[in-house]
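Q: Residue numbers (the numbering used here), protein chains in the order written: chain A, 253 to 366; chain B, 2 to 113.
Hints were generated in silico from the structure; no laboratory data involved.
Wrong hints could be hidden among the right ones.
No farther apart than 25 Å at their CA atoms in a straight line, the calculated lysine to aspartate or glutamate pairs in the DMTMM-like style are these [as the list claims (entries may be wrong)]:
| no. | chain 1 | residue 1 | chain 2 | residue 2 |
| --- | --- | --- | --- | --- |
| 1 | A | Lys365 | A | Asp319 |
| 2 | B | Lys10 | A | Glu267 |
| 3 | A | Lys294 | A | Asp319 |
| 4 | A | Lys253 | B | Asp39 |
| 5 | A | Lys365 | B | Glu16 |
| 6 | B | Lys10 | B | Asp106 |
Each chain is listed here by its residues.
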Amino acid sequence: KQEVTQIPAALSVPEGENLVLNCSFTDSAIYNLQWFRQDPGKGLTSLLLIQSSQREQTSGRLNASLDKSSGRSTLYIAASQPGDSATYLCAGSIYNNAGNMLTFGGGTRLMVKP
Amino acid sequence: DGGITQSPKYLFRKEGQNVTLSCEQNLNHDAMYWYRQDPGQGLRLIYYSQIVNDFQKGDIAEGYSVSREKKESFPLTVTSAQKNPTAFYLCASSIFSNQPQHFGDGTRLSIL
Chain A
253 KQEVTQIPAA LSVPEGENLV LNCSFTDSAI YNLQWFRQDP GKGLTSLLLI
303 QSSQREQTSG RLNASLDKSS GRSTLYIAAS QPGDSATYLC AGSIYNNAGN
353 MLTFGGGTRL MVKP
Chain B
2 DGGITQSPKY LFRKEGQNVT LSCEQNLNHD AMYWYRQDPG QGLRLIYYSQ
52 IVNDFQKGDI AEGYSVSREK KESFPLTVTS AQKNPTAFYL CASSIFSNQP
102 QHFGDGTRLS IL
């Protein structure tokens, strides 16, 4: 069964700093890896999705990488801003007869201080 | 605007009571999902449905029930058999079961 772990659980950085969030997964037969943002009391917003055949995806100041062999994905945030403060969740997908099943990590709670 | 609507935003349950959480989508998505999120934790899958009139148990289905009579609706009932129902419940949908999932804003359920 796929297990997904995120380290650190919480992170506090000053504004402007570049930072990396880590996600590790146990099953290398991953279909895709998704990064989500969750604001307090809200649902999830998809940030980036990396297919198993891809190595990275970029959107603005965000860059996500996927290394299936080592079971790791990273989310790089450049020039962090206070508006980036949120919880970031990664989810690995295994595709089987039941469809696209996501397994979530516990999240990293990010605070960017002005 | 297309999207997923969950209601109510907050819900309170008395002991021994069943409550139903609503999830409606107008994205014309075939697949729909229910997740539970406990404080400081990731999401766990309760039930999912790949198509109308079909649904499957997820990892933590005990104490919950669902129906999928219409493509756009996937209500979740938290039964009295669920002894620890206090959590944040999230509904999601995807165009097909192998496509990215889109999420609603959640329902927070508490015990009176």
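Q: Holds or violated: are the alpha carbons of Lys365/A and Glu16/B at most 25 Å from each other?
A: violated, 42 Å
Q: For the pair we were handed, Lys10/B and Glu267/A, check the Cα-Cα distance against 25 Å.
A: violated, 32 Å
Q: Within 25 Å, alpha carbon to alpha carbon, are Lys294/A and Asp319/A?
A: The hint is violated at about 30 Å.
Q: Holds or violated: Lys365/A and Asp319/A, Cα atoms, limit 25 Å.
A: Status violated; Cα separation ~31 Å.
Q: Starting from Lys10/B, check that the Cα of Asp106/B is at most 25 Å away, please.
A: Status holds; Cα separation ~8 Å.
Q: For the pair supplied as a hint, Lys253/A and Asp39/B, confirm whether the alpha-carbon distance does not exceed 25 Å.
A: It holds: about 21 Å lies between the C-alpha atoms, which stays within 25 Å.
In this structure, the hints that do not hold are numbers 1, 2, 3, 5, in rising order.
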